[in-house]
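Student: Chain residues, written in single-letter form:
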Amino acid sequence: MSQIIIQGLLLSGLYALIAVGFTLIFSIGRVLNLAYGAYLMIGGYVYYHFTQVLGMPQIAGILLAAVFGSVIGILKYRLIVKTLKGDHVAVEISTLILAVVIQAGIVLIFNDSSKILHPIVPGVWRIGGATVTFNILTAALASWAIIIGLYLFVRNTHIGRAMQAVSMDVKGAAISGVDPDRINLITWGISGALGAVAGVFFASYTQLNPSMWVAPLIIAVAVVIVGGIGSIIGSLIVAHIIGFMEIISTTLIAAELRGVFTMLLIIGVLVLRPRGLFGREEL
Amino acid sequence: MSGILRSAAAAGALLFAVQAAQAEVKIGFIGSLSSDTGLSTLRGAELAIEELNAAGGVLGGQQIKLIKADTGEDVTEGIKAYEYLAESEEVDFIVSGSIDDVSLGWLPRMVEYQIPTLDTWTSYIGIIDKLVEDYDSYKPYFMNIASDEALATLYIDFGKDVLADKMGWKSVVILQEDTAFGNAINGLVSEALAPNAGIEVVDTIVYDIATVDFAPLFNRAVDSGADFIYLISSVNSQVVSSQYVKLQVPMGMTGVNVAALGQEYWEDTGGAGGGISTLSPVPSVGFALDPKSQEFVDKYVAKYGDSRPKFPHFNGFNAYHGVKQAFAAAEEAGGFNNSSWVDAMQKQDLILEKDGQMWLRYGFWGRDEVEPRTGRTYPHNARFDITDPYDDGSPSMVVIQWYEDGTAAVVYPEKYATGEFQVPSWVKN
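Going line by line, the protein sequences match chains B and Y. Position one of the first sequence corresponds to residue 1 (the UniProt record's numbering), numbered consecutively onward. Position one of the second sequence corresponds to residue 1 (the UniProt record's numbering), numbered consecutively onward.
Wrong hints could be hidden among the right ones.
Label-pair distances were calculated between CB atoms; the ranges are [as the list claims (entries may be wrong)]:
| # | chain 1 | residue 1 | chain 2 | residue 2 | range |
| --- | --- | --- | --- | --- | --- |
| 1 | Y | K428 | B | H158 | 56 to 64 Å |
| 2 | Y | S34 | B | R275 | 39 to 47 Å |
| 3 | B | L54 | Y | E133 | 52 to 60 Å |
| 4 | B | V53 | Y | K303 | 38 to 46 Å |
| 5 | B | L257 | Y | G406 | 33 to 41 Å |
| 6 | Y | Q263 | B | V67 | 54 to 62 Å |
| 7 | Y | G271 | B | R78 | 37 to 45 Å |
| 8 | Y | K303 | B | A90 | 33 to 41 Å |
| 9 | Y | D74 | B | V67 | 34 to 42 Å |
| 10 | B | G55 | Y | Q263 | 44 to 52 Å |
| 11 | B | L54 | Y | Q263 | 44 to 52 Å |
| 12 | Y | D349 | B | L264 | 56 to 64 Å |
| 13 | B | L141 | Y | S425 | 24 to 32 Å |
Don't read these hints as lab results, they were simulated from the structure. Using N, Cα and C, we set each Cβ at its ideal position, and we do this for glycine too.
With the hints as extra help, turn the sequences into a complete structure.
Tutor: Have a look at this one:
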């Protein structure tokens, strides 16, 4: 039981970090950014290139990953989302296509073989019968720190409050003097950076692979669908539901069914509670 | 008039000579052009062809032209690739670096076109069984790697000699990917290796090949109370290997780990691959090479050493020697004319010695020859030896181990061992 609790908490922390950037875009821009998984992939590969190939310090690798993710997010907003404004289907299709194009680019630059990242913090800790790597512990702690920081940013800063206003009512926010375009741009930049950093931790926990963007995208979509239109707290709760479900199914039922329960949960929520478990929440 | 005739005759003779000099023999390569496996076979074949062409050509001075057909490791693409080589390019001979399923896909096309074909990677015994059952239809097929039944027989010996007797392990938990390959090897371990070695299978954990988080699975394995983990992984094996190392799972792990077969394994695991052992066809990583094999490796590295795979996998050796043997058979048979070429190919026999003893052998089992230990025939399969002292053929497999310092060694059988089987430093034996 202690293993399930420890591993569930650690995995859920990582899932929360993966999902929060996606939730942010969906909540403010009402856009399902299906290229979100590509931010994670870019973040992982940027970190790999600068730290493992060029030998730069790990902190520099994480910062560079965040910068790359942010720039990609901003460019995507400027070149695609803003251009197709209002046409949600076109935005979703184009973001999905963009993810595939980025995958092809990664194959071209890094080839299609999987790569394993060195642990960000090496070592293991055995506690309550469970083996915990310092790497996943660091990832979970960093996730919590980033999510708390984001929560405080949204609640306590002028830009954060403007993001909340745009998420609730774009026209109302504009009348109150908020520039929705600028807020969207900032949000896409933050989302890209969060996704890229999540990608570094996710890849260091699993692997780097040109198709690694799919699994985190499914997690992020599941969090939004199950949680509702989205809030940071709601995303956190649902990330924990999914994380614990995966650990419980893997440990107690059958390892090959790991993702199946997440899918069943999505279908169940869509049928029984289309607005999600938490409905429409404040950001 | 006679002068004109003489000039015309001379011109005709010259033209004929030029045509003969320009004539070429087409051979096909079928396999993945983007995998280490496929590229190993391709490059081995390319080096053999280069040498044959440089030595004046084959079959009366003709140059060999290699046509490549990519399978992408996909069955449908493999069938199309074989058809392309047969119908569009009309090749005389095909060398294959296909994986099991792809070879099974194009095999009916080989029966249809009757093109001499040499497989260098798949070891699926079911293909050899087809030759046993219907020799006339399948006789253009040769496989110059020991079939998996022969691999299994020797591997059971490893279970008894090393895992049970030397390590004292009495129970195992099987960690198996959810594939046909995984099920087949699980059957081997549960029904043959474990009972023969007196090892009890206490649990089997099956995982999806998309799994990237093995922490809960390793915890379950530890909870089972088994002495060691038997891993069966052919897809993305570097992920499970690296997590075993990163998590410092406190029990030994051996088994079948396809990623660990290549020299790129250490780089692919980011250096987190120590302690992993796997069975491997020969010559494997860590295998002491005879002078001829070393010569091939030196040529390979000089030509391809800058790109993956930087070092040939076992099937690269198979392709290099196999292509040369196929042409030696063609010289003897007067071409790739089916029946006579098959007879000549069966007689090919290359024995490579090291320190005065047989080290590797590239030959084939005859149609009716019975392998003494298993008591069955292996027509057109590589001539292997599964009984110590391995003086009638190459061993069907060896067990290799990657150590924590990034080196690799053969740990079984004794004759070929270059290192000792050991558990990683974080495991208390």
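Student: Now look at each hint and say whether the structure bears it out.
Tutor: Do the hints match the structure? See the list:
Checked against the given bound of 56 to 64 Å, the beta carbons of K428/Y and H158/B, roughly 58 Å apart, stay inside it. Against the hinted window of 39 to 47 Å, the Cβ-Cβ separation of S34/Y and R275/B comes to about 45 Å, which satisfies the hint. Taking the beta carbon of each, L54/B and E133/Y are about 57 Å apart, inside 52 to 60 Å as hinted. The supplied range of 38 to 46 Å is broken by V53/B and K303/Y, whose beta-carbon atoms lie about 25 Å from each other.
Range check, L257/B to G406/Y: about 36 Å between beta-carbon atoms, so the 33 to 41 Å window is met. Between Q263/Y and V67/B the CB atoms are about 35 Å apart, so this pair departs from the stated range of 54 to 62 Å. With their beta carbons about 40 Å apart, G271/Y and R78/B fall inside the hinted range of 37 to 45 Å. Take K303/Y and A90/B: their Cβ atoms lie about 50 Å apart, and the range 33 to 41 Å is violated.
With their beta carbons about 38 Å apart, D74/Y and V67/B fall inside the hinted range of 34 to 42 Å. The beta-carbon spacing between G55/B and Q263/Y, approximately 22 Å, falls outside the hinted interval of 44 to 52 Å. Evaluation of the 44 to 52 Å hint for L54/B and Q263/Y yields a failure: the beta carbon distance comes to about 23 Å. In this structure the supplied range 56 to 64 Å holds for D349/Y paired with L264/B, their Cβ-Cβ distance being about 60 Å.
Distance hint for L141/B and S425/Y: a CB-CB separation of about 28 Å, consistent with the stated range 24 to 32 Å.
In this structure, the hints that do not hold are numbers 4, 6, 8, 10 and 11, in rising order.
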